[in-house]
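Undergrad: The opening residue of the sequence shown carries number 729 in our numbering; numbering runs sequentially from there.
Mixed in with the good hints, there may be bad ones.
[Unchecked claim] Derived CB-CB ranges, DEER-like:
(1) S810 <-> A757: 53 to 61 Å
(2) R865 <-> Q804: 35 to 43 Å
(3) K916 <-> S863: 46 to 54 Å
(4) E811 <-> A757: 54 to 62 Å
(5) I802 <-> H898: 56 to 64 Å
Hints in this document: simulated from the structure, not taken from any laboratory.
All C-beta atoms, glycine included, are put in the ideal place defined by N, C-alpha and C.
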Amino acid sequence: MADSLRDQLVKAGLATSAQAKKAERSGRATETAKRHNNAKGKSKGKDEPSSLTQQVKAKAAQQRAEKASRDKAIAQVRNAKSEAKAKQAQVRQLIAQNDQRTKVSDDEAVPYNFVHGQKIKKIHVTKVQLEALSSGRLIVVNNNGIYHFVDAKVAEQIAARDPKRIIVAHSNESKDATPSADDDHYAKFAIPDDLDW
Numbered sequence: 729m730a731d732s733l734r735d736q737l738v739k740a741g742l743a744t745s746a747q748a749k750k751a752e753r754s755g756r757a758t759e760t761a762k763r764h765n766n767a768k769g770k771s772k773g774k775d776e777p778s779s780l781t782q783q784v785k786a787k788a789a790q791q792r793a794e795k796a797s798r799d800k801a802i803a804q805v806r807n808a809k810s811e812a813k814a815k816q817a818q819v820r821q822l823i824a825q826n827d828q829r830t831k832v833s834d835d836e837a838v839p840y841n842f843v844h845g846q847k848i849k850k851i852h853v854t855k856v857q858l859e860a861l862s863s864g865r866l867i868v869v870n871n872n873g874i875y876h877f878v879d880a881k882v883a884e885q886i887a888a889r890d891p892k893r894i895i896v897a898h899s900n901e902s903k904d905a906t907p908s909a910d911d912d913h914y915a916k917f918a919i920p921d922d923l924d925w
């Protein structure tokens with residue numbers, strides 16, 4: 729019942745008896761060579777490592793260095809992703825805490841049109857919000873497809889983390905700038921008060 733592995737392979741038909749004997753002889757030769765090398769190594773001493781050992785150690789050191797550089801690159805990518813997620817969470821929190829958009833009843837609703845990407849969007853706001861948006865006191869920001877209004881200071885904080893979130897930011901710089909020749913020409917024409925864009 730306790731047949732050797734050689735006998736089991738021969739009985740199973742996976743090897744012939746000649747192949748099994750040859751494998752057994754090569755195994756014995758390998759063991760003898762190992763014992764012989766160990767005896768020589770002890771007599772030489774540990775001061776003279778063989779060139780093969782040095783090559784193996786050098787290759788192992790190179791593989792460790794390559795693995796360390798791969799691990800470092802993976803860690804950098806992982807850190808960049810987690811940092812981006814943290815910034816997005818900060819932006820969502822800033823928008824949620826500083827949102828100034830209010831519900832507008834139908835009788836006081838005024839349409840406000842703006843461009844987002846290649847499309848013109850329309851939202852209804854109050855007249856006070858419309859004036860604040862036009863003057864640049866309120867900024868339109870995007871929070872995953874929902875538009876919110878925040879003041880200019882909060883918009884700067886959001887732009888520092890994710891500039892793509894800022895959709896509409898009017899500034900007063902154009903009013904303070906020196907008038908051009910076209911401005912002088914069009915100054916002759918009065919703009920009606922009830923004109924809505």
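Undergrad: Now tell me, hint by hint, if it's right for this structure.
TA: Hints, one by one, checked against the model:
| no. | hint | result |
| --- | --- | --- |
| 1 | S810 <-> A757: 53 to 61 Å | holds, 57 Å |
| 2 | R865 <-> Q804: 35 to 43 Å | holds, 41 Å |
| 3 | K916 <-> S863: 46 to 54 Å | violated, 24 Å |
| 4 | E811 <-> A757: 54 to 62 Å | holds, 60 Å |
| 5 | I802 <-> H898: 56 to 64 Å | violated, 44 Å |
The structure does not agree with the numbered hints 3 and 5 stated previously, though it agrees with the rest.
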